[in-house]
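Q: Chains as they are written, first to last, in the numbering used here: chain D, 1 to 310; chain X, 1 to 265.
In short, the hints are calculated from the structure, not lab data. Honestly, I wouldn't trust all of these hints.
Within a straight-line C-alpha distance of at most 20 Å, the following computed EDC-like cross-link-like pairs (lysine to aspartate or glutamate) qualify [to be verified]:
| # | chain 1 | residue 1 | chain 2 | residue 2 |
| --- | --- | --- | --- | --- |
| 1 | X | Lys204 | X | Asp70 |
| 2 | X | Lys147 | D | Glu174 |
| 3 | X | Lys243 | D | Glu294 |
| 4 | D | Lys274 | X | Asp244 |
| 5 | D | Lys305 | X | Asp246 |
| 6 | X | Lys248 | D | Glu174 |
| 7 | X | Lys2 | X | Glu108 |
| 8 | D | Lys304 | X | Glu253 |
| 9 | X | Lys243 | D | Asp275 |
| 10 | D | Lys267 | X | Asp123 |
| 11 | X | Lys240 | X | Glu253 |
| 12 | D | Lys304 | X | Glu260 |
| 13 | X | Lys263 | D | Glu301 |
Cβ-Cβ distance ranges computed for the label pairs, FRET-style [stated by the list, open to error]:
| # | chain 1 | residue 1 | chain 2 | residue 2 | range |
| --- | --- | --- | --- | --- | --- |
| 14 | X | Ala262 | D | Gln171 | 42 to 48 Å |
| 15 | X | Gly221 | D | Lys307 | 54 to 60 Å |
| 16 | X | Glu210 | D | Glu208 | 49 to 55 Å |
Quick reminder that beta carbons are idealized off the backbone N, C-alpha and C, glycines included.
Single-letter residue listing:
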Amino acid sequence: MKVWSIVERGTAPAAKGGGDADRREERAQRRVSLEIAAKAKELGESKALEVTGLERYSALPVVGAIAAKAKAESPDLILVAATPTGRDLAARLAARLGWAYASEASGIAIEGGAATITRTMYAGKVRAAVRASLPAVVSVRPGAFTLPSGAAEPAVESIPADAGAEKLAFQRFEPTAAASGRIPLAEARVVVSGGRGLRGPENWKMVEELADLLGAALGASRAVTDAGWRPNEEQVGQTGRTVTPDLYIALGISGAIQHLAGMTSSKVIVAVNKDPEADIFKVADYGVVGDLFEFLPAFTEEVKKAKASA
Amino acid sequence: MKLLVCVKQTPDSTVRVKVAGDGRSIDASQITWAISPYDEYAVELALERKDADPSTTVAVVTVGPTRSRDALRQALAMGCDEAILVTGAAAESLDGLAVARALAKVVEEAKPALVLCGRQASDDDQGLVGQALAETLGWPHVSTITKFRPADAGPAGSVDGIDVWREVEGGHEVWRTSGPVVLTVQKSEKEPRYPSLPGIMKAKKKEIPEKDASSLGVDAGGAKLEIVKMEPPPARGGGKIVKDGDMKQTAAELVRLLREEAKIL
Ligand SMILES: Cc1cc2nc3c(=O)[nH]c(=O)nc-3n(C[C@H](O)[C@H](O)[C@H](O)COP(=O)(O)OP(=O)(O)OC[C@H]3O[C@@H](n4cnc5c(N)ncnc54)[C@H](O)[C@@H]3O)c2cc1C
Ligand SMILES: Nc1ncnc2c1ncn2[C@@H]1O[C@H](COP(=O)(O)O)[C@@H](O)[C@H]1O
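This is chain X alone, in the form it adopts within the complex:
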């Protein structure tokens, strides 16, 4: 089975993101980049399938500026087999629907049995591309999954579809799909693996073919969403901090404050 994982390179989760001088983008100078966290879970889920069945191959794809190559290297070092970079001027200004169209072209060429995306990218926080990719391909999708595996093998060992665990309030729904599907990943059961040293060496030698976004027939024009303004979230802090008090008194005082000052209890 061939799996394709769509990853986006976003600011590392520990980075403090600052708004740039133009007030409508972020200051990229201080940023370390990484695979977006949900996408890292998606890579992990795909690699777990490969651990279980070594005939599985895992490809990763990203649409973005050339620095995104590092995210692909990281995925290769974790154990993915091949990587595809879709780049070029058009790739940098695409909106979600256009990204999905570019990814659909890659899917049509690579012909994976299923595609994994993250639940949402940790830069635009949209949660659109997975669903939009499925829509473009005419495939079903299942979102916020934590697990998938081939459905119980038939008598001849044939795989009859894929079972998918979707996280919902209070538990998981298990859905079965018989054809190709796009899955958006909430979390993997195990933490995403670290690249191994041999993995890193191997990844360095791998060729990462590059495709130009415009050559896939996707253009940057007509974005339906435009950022008008960015600002840091309202400052917090300066709260009332109680130290070393008698906990009974402190508790009573806090209840009073929540009622009378914050008017919340």
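Next up, chain D with everything else stripped away, as it sits in the complex:
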């Protein structure tokens, strides 16, 4: 079994502004790249690849480079992190090679010349095991495989992007005014999410304070992104991001089925809502029935104390 993993090189921080946020994003990307490299090693004779020479990800030059190498060296399985960029790349790569493709795998086992992949379907409402014939391209949910402690940095082989394959022209980057500058949702181990119960964008300062303490990404319900209180990229749920962090904190979110679809696979769920009947409590490990405007400052204070004593 030859198993490759692709090291994600998102946007070079310099191309975005190069602030702390971009460095955080880079670190998060590095962690997922290590996770899938470790998985590749566990599954077979592994190789970690990165495509260099692009300031900014674009599908065709990256896919062109990887596909050419794959045709020459015939790996059995290519793992890509299921980040937004990774999923874009993986799908086009699978199509280019004509291989099987499964997205957002949370488990991979090789048996009898095929890969059995665990993934969710129906907007996260069903868990499925699917058999993919090999060779295959699989995108892997960040955080699905815990990094073995002391995992060595893989040797990464660099291949140049196929610049001639580009058919699009990059114009500019338009930053979102309210973008959080925190680590991307897809890769975060802790997510603090706010819903309509927060009453307005001005109240996000409280949410951000807690998120910063916890090193968390910010999430939101669709009621919040639709109202323009928070940028769309923070939306969690069926039509937003699917997240599977170790800790998901839902503040003033009712728990509509479409929201639950995006977060019920989180390891631990904390919900704060003043309505004891709110559906979010049906999936919560810890629930607080009460006014979030009273609870949140007190909780942030307690977390601070706990961190200080740790």
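Since the structure of chain D is provided, determine the placement of chain X with the ligands on it from the hints.
A: Positioned in the frame of chain D, the structure of chain X with the ligands alone reads:
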């Protein structure tokens, strides 16, 4: 400009999906079907272009069982101009790459300036068909877009390409394409419109031509992905719920639980 939107009919987002007795498919008996949410955004984006420039025409296509006709009717009622149904036994068991091949045949016939897909279908959750369609056509694609419009018109009012807004962490990248392109849609700026009453009446009268998938030279064999098992996600709930407490105490207790019990802080 002619636009083509690829839509899939999937369970309505409010439906609780249940696994069927065979343990490898869903129980379709209780399901209401709808246009997959991202595809609905794609329809909305296309119709917004038509609002801005009435010379634009919008066609929708789906590959699927005959019930998918309802999804096409819904799209027509929203304001799309024409609909194409690719159906037949083969259409029901196609995998993503085969669907893309069938769609490519339709694109080659319809010759749209660009094709819109959803970011992913809300049944298989794959996010493959848009990219695979672009690959089959030899076109570029841009995924997770929220907006597109003709690039600034040249001196003679000519359109010099299309600008596309791709949602990424922290903002949008704007890409320009000069030729045909496949776009996969993350969201529209406005909510998808509801069908209007006259729209519904008009849609009822429209003919929806049907093509047989096998007549497009696409066969169902050789699917590379097979569902082995389906099950509901692990049950949750039975969590500790604190009511009516003093919020300071509750907060302290929660921090303790997260540290000592959940071992997470
Ligand atoms: C096709 C489709 C796709 C969708 N996709 C998504 C999606 O991806 N993500 C998503 O989130 N939604 C999605 N939705 C929308 C979803 O149905 C809900 O409308 C939305 O999740 C509600 O957001 P909310 O919980 O913030 O608001 P509400 O439902 O209005 O809930 C607000 C909650 O805050 C509580 N509250 C109010 N004040 C306080 C206070 N002071 N203290 C504590 N609690 C308080 C209330 O009790 C209430 O439970 C989708 C809908 C459709 C039709
Ligand atoms: N059977 C189909 N008929 C028409 N369009 C489809 C079909 N399957 C997928 N698509 C389009 O491709 C997108 C991605 O689908 P998927 O790869 O199945 O997640 C969908 O949002 C649709 O726009």
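Q: Look at each hint and say if it fits the structure.
A: Verification of the supplied hints:
Between X:Lys204 and X:Asp70 the alpha-carbon distance is near 10 Å, which keeps this suggested pair within the 20 Å criterion. Taking the CA atoms of X:Lys147 and D:Glu174, the gap is near 13 Å; set against the 20 Å cutoff, the hint holds. Between X:Lys243 and D:Glu294 the alpha-carbon distance is near 13 Å, which keeps this suggested pair within the 20 Å criterion. Annotation: proposed proximity of D:Lys274 to X:Asp244 holds, straight-line Cα distance about 10 Å (limit 20 Å).
The hinted pair formed by D:Lys305 and X:Asp246 meets the criterion: a straight-line CA distance of about 18 Å does not exceed 20 Å. Between X:Lys248 and D:Glu174 the alpha-carbon distance is near 42 Å, which puts this suggested pair outside the 20 Å criterion. For the hint pairing X:Lys2 with X:Glu108, the CA-to-CA distance comes to about 13 Å; that is within 20 Å, so the pair holds. Between the alpha carbons of D:Lys304 and X:Glu253 the distance comes to roughly 14 Å, so the proposed pair stays at or under 20 Å and holds.
Taking the CA atoms of X:Lys243 and D:Asp275, the gap is about 10 Å. The hint holds against a cut of 20 Å. For the hint linking D:Lys267 to X:Asp123, the alpha-carbon distance of about 24 Å lies beyond 20 Å, and the restraint is violated. The hinted pair formed by X:Lys240 and X:Glu253 meets the criterion: a straight-line CA distance of about 11 Å does not exceed 20 Å. For the suggested pair D:Lys304 and X:Glu260, the alpha carbons sit about 16 Å apart, so the restraint of at most 20 Å is met.
Our distance criterion of 20 Å between C-alpha atoms is met by X:Lys263 and D:Glu301, whose separation comes to about 19 Å. At about 46 Å, the CB distance of X:Ala262 to D:Gln171 agrees with the hint of 42 to 48 Å. Look at X:Gly221 against D:Lys307: about 59 Å separates their beta carbons, and that is inside 54 to 60 Å. For the pair X:Glu210 and D:Glu208, the supplied restraint of 49 to 55 Å holds, since their beta-carbon distance comes to about 53 Å.
Violated hints for the displayed structure, listed by number in ascending order: 6, 10.
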